[in-house]
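> Residue strings, one per chain:
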Amino acid sequence: MWFEELLITIKYYLVLQMPGSLQPVGSAFLSSLPIMTSFGGLFALATLLERKMLGRIQNRYGPNRVGPGGLLQPVADGIKMLTKEDIVPKNADHLIHFLAPLGLLVSAMLGLSVIPFGHRLIALDIETGILFFFAMGAASELAIFMAGWGSRNKYALLGALRAIAQMISYEIPLILSALSVLMVVGSLSLSDVAQAQSGGIHTWHIFTPWGFLGCILFLISTLAEINRSPFDIPEAESELIAGHMTEYSGFKYALFFMAEGVAMFAMCALTATLFLGGYHAPLPILSFIPGPVWLFGKLTSLVLLFIWIRGTMPRLRADQLMEFAWKFMLPMSVVNLIAAGVWVALDGGVAAWILSGLLNCVAYFGWSRILSQASRFNPRTYRYAEEAGVSK
Amino acid sequence: MIMDSLTPYLLLSAGLFCTGLMGVLLRRNIIIMLAGVELMLNAANINFVAFWRFHPSSEEVSGLAMVVFAIAIAAAEAAVGLALAISIYRHYRSTNPENMGDLKG
Amino acid sequence: MSLFFTITALITMASAIAAMTLRNLVHCVLCLTVTFAGIALVFLQLGAEFIGFSQILVYIGAVSILMLFALLMTRGGTELTLKRWDPVHWITGTLIGIAGFGVMSFAIFNSSLRQSKIPEAKADSLHALGNSLLSQYVLPLEVMALLLTVALIGAALIALPEKKVFRRNASFSKNQESGNK
Amino acid sequence: MIGKGILKGMVETARNLTGSFHDPDRLTTVEYPEQKIPAKENARNFPFLIYDGDDWEAGLRCVSCQICEKECPPQCIYIEKDKEKKPDFLGKMQMQPKIFDIDVSVCMGCQICVEVCPFESIRMDNDFEYAGSDRFESLLLTKDQLAKSNKYYHSIHPTEAQETDEIRVQKREDHLAKEKAKAEKLAKAKEEAATKAALSKAEKAKEE
Amino acid sequence: MTPSPDHPGEAMPQFKMHATGVEGVTEGTERMEVSMGPHHPSTHGVFRMDVELEGETITKLKPVFGYLHRNHEKIAESTSYLGSMPYTDRLDYFNSMTNNWAYALSVEKLAGIEVPERAEYIRVITAELTRLQNHVSLIGFLVQDMGALGTPLMYAFRERERILDLFESLSGARMMCNFMRFGGCRCDVSADWIKQAQSVVEAFPQFLDEFEALISENEVLMARSQHVGILKPELAIDAGVAGPVLRATGVNYDLRKVDGYGIYDRFQFRVPLGDHGDVYDRYMIRVLEMRESVKILQQALAEIPNGDYVNPKAKLRGFRPPPGEAYGRIEAPKGELGFYLISDGSPKPYRYRVRPPSLINLTILEDMCLGQTIADAVIILGSIDIVLGEVDR
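Chains as they are written, first to last, in this note's numbering: chain A, 1 to 392; chain B, 1001 to 1105; chain C, 2001 to 2181; chain D, 3001 to 3208; chain E, 4001 to 4393.
Hints listed in this document are in silico derivations from the structure and should not be mistaken for laboratory results. Since the structure is predicted, the reported quantities are computational estimates derived from the model, not experimental observations. Don't take each hint at face value.
[Claimed, not checked] Using 30 Å as the maximum straight-line C-alpha spacing, the simulated BS3-like pairs for lysine-lysine come out as follows:
1. E:4062 with A:154
2. E:4074 with D:3070
3. D:3070 with D:3098
[What the hints assert, rightly or not] Partial list, derived from the structure: chain D residues whose beta carbon lies under 10 Å from chain E:
4. 3006
5. 3008
6. 3025
7. 3026
8. 3041
9. 3109
10. 3112
11. 3118
12. 3126
Note that beta-carbon positions come from the ideal geometry of N, C-alpha and C, so glycine has one too.
Please work from the sequences and hints to get the whole structure.
If you want it as structure tokens, here you go:
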């Protein structure tokens, strides 16, 4: 608590120094400044971390030339991106081409403003925080469309259309699985959600049947929502070069990456807030460690999980991605919502645990069994040619 | 922030409504015509919210409830309308309503 | 007049007019999203947070994207109809619009609603809205849910493309019938 | 069950992730400019010319027979004969190249010149760092750049160099034996001639 | 009813094709022509596909190649028989050993040269090692085309590296080996090399197990590759397809068994066959073939006899085969690789012709891709296993 109080006191002190008419603006500025700076820097570090970890997964070193252990690699990348020529195709719609990366970055950054980083440490504490978050996610779809359409490039347009189709489809399970938490907490405000998990690790939502399945569904939808592997078909380099980013270069390209990185952080922070106790320590004894540290720790471990998945999986095809969303994710998230409803109706307790757990387990195993029997995708056994009687 | 009179909201709403109406009347592309209809619906929503805000009772939320329904129905309308537009395009290879004259004598 | 509202209203109106008159259809829809965002801002100013963010979520995130998809699927990225400049058509349309606006503003300025005073800030509109939706308006809500489901299925059915089989007309395929296995 | 294969794959990548920190079999990267893998003994890249002794011009084995020039598939060798001759390792007078150029931007390192050379004079080098700032001249190796000592050859391809030396020793021995036989034959003939002469002298003297 | 010509339904001027010379939008439909390649990241070199799409479904696909044409056959007709041996390395630059062997085999047929037994063993060993490294890098590339961000490819290349090291210490070069000679091989294998090869071969099945655990049962891979790019056995036979692509359709045709060239009849190995002819079958057939190759290698490395590594009677310089013609073919990793030679008694071949498996297997690309999506086209192309050096020659 002391850390959060300290920050808030500093902010109020600074705000009070300003002339009266500037105070609202100054307050907003001071609230958003730490988010923008820390996540900008964090994004740079995350690119390094991702490249290092992917390298290790692939039995390589990863970047290790710039600075000690490659620590300055993001700086070098940034300088490279800044000094590159900014090419805009002749036929492109210049205004839209220019606005798209900005729109993407702004919407990603805005999403962060409703995440509670600590007790009362939230830039925009509104009643409908999570709705705001999803609204900003929806706005990023438009930015991606602008990028794809404004470039006047077939690959870019195809990539943008894929990205939007995918994001819209996965928004449904994303919101539905978040809804289970909101149902139990009974509030749309993220600080309320975080506060509901303040009692230590056993109160975290992930350790309930509906929270566990909800967390997994939420993470999968998150992967799709931020276009990361195995759902990175919008920028599938083996098919579409770079999707909606094909015609971008220089700093605008870097902005796209930054927006993607910030969106990833925002989604991970939301996951941590919804399911992993937010800024709360797993044990009440450990709560002397500031809340932001816990949140960033949880966030980083989720990012590491994403990198791990990225290092393992091939990507799905666009239509299979949709199929997965509608055939698996949507039914499972609806079932999970019912399980959360059971939990709310029974007001927690052992019976609720058993009932909702049973519901989720039966649904998952039964549905995945039905799906894999109905699907034509199975491991195969192979025959060998007869030794004798070789025929053409 | 908030205006203390209802008039500007109503004027904005009227302006948007008429713009949407103009769009429906002028354009020859069914998708943009649909956009005009959406605009008109939105204009109505502004009125609903403004009336809710200026209603003296604190418990009265009918205006908001209306807007919730309006948004949902507008979304459904857009989905069906655009699906129709696409299937009409598949049939006529055109999105111009003037070209869809099969039933004309 | 509040400065903030004035700016919002002007941007909203300007983009709405642009959305209805621009020649490039994608530009039209993009301007329309600006209008939607402006309307959402108006909602937020009025203190209807839930409605405002729902507006962004539904209109910017879904409806305008749907429109863009439909435009691209119907190859309407550029509308060439406006080439056939029809002044009579346009002037009549504009006049009807202005006349409608005139009638409405006349009604507004003569209405007793102008006198209504703004009450104190509304408390906890979100919970009140939720409660009334599930008590007072529960039947309309259910009907709306049904309508949405039907609309979803209907839209999917209407837009479903007919299945096609593509075959190559090359020499290999011709030989296939003889089948020299 | 959906997800089983994916989990199996993720376990595998996790094993590789941890393995890359302690298992040299997994992390096989060699950081090139600082570290280099020692060249394999047979490694070949571009040809060079061997010389014996210390003076590269005098000791150059090449006799400009132009077989390699003819056999080279991409025709990257250019040879011009010198008018002056010089003695080879057997002491015979042989031609020598005035110009011997190899265009390494054309050469594909196929080793056919080495196989066809009857004088053991052209061999494959394993140096691969030929980058230069001049794209024309720096990749056209001339005679002086190509000439490398037999000692160098021993250092890069010890087994092959040993074999080559043995062949040359054999050749020298054969040559010496031939010379000896020739000299003996010559001496014998001389002797015979001498005895013949002596005999005829004696006969002459007898007659007188 | 016809739409008026100035209506949006017709033209979309900004989407005309540029730079490729292909005409733009077909009249009045929603089809889009996309030119994939020649510098598209996943067309395996300089290959181009002119694809016509309806949505993402392929309605037409025209392979365009020739960007890497190097006039190999005519160059070979103007150099000596030995002189085109290093050029065969560069046909399919992944498998120089098998290319060498196929060429050497046809010249040996032409000139009637015997090959000593030890040389035959060396040839089998190097060819099977080549098959291992070709298949392993191919499945790496294939999974990379499906978007697995390099991890399987890196593992595959780690193993391929060990085999290339073996080639380097044997022939001096990692990829352009130029190792076979008419009547044998260029140099002998040492006992040390055989020991190294044995250790590589012993470690290989373990790697294959790891690789399969990583990806073979992955649901994403199965969904991407099963029932995609199906090739019917009849069509495959009609089109002359050979190699793993043919065997994946279920046709039992392996030249090592059928032709019995070299000494393959001495080894115990089986020929895996697929049942569906789709991309997954092509992937799995290659995995299984690698396991069989390991068996062949174990037998060959254990049984290799002493003797000459090259026929001492075979001439290196001034080689003039008698007039006649010959066609030698082997089961290269990509399929049937054949060399057709006509000699008129001069030191240069009168006619020299390559039957490249990559090119022949590529001809059925359109049949496999029609009706699939553009994402499938990429992996179907990857599963055919082409090398543009061999396609264009």
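> What are the numbers of the hints that this structure violates, sorted from low to high?
none
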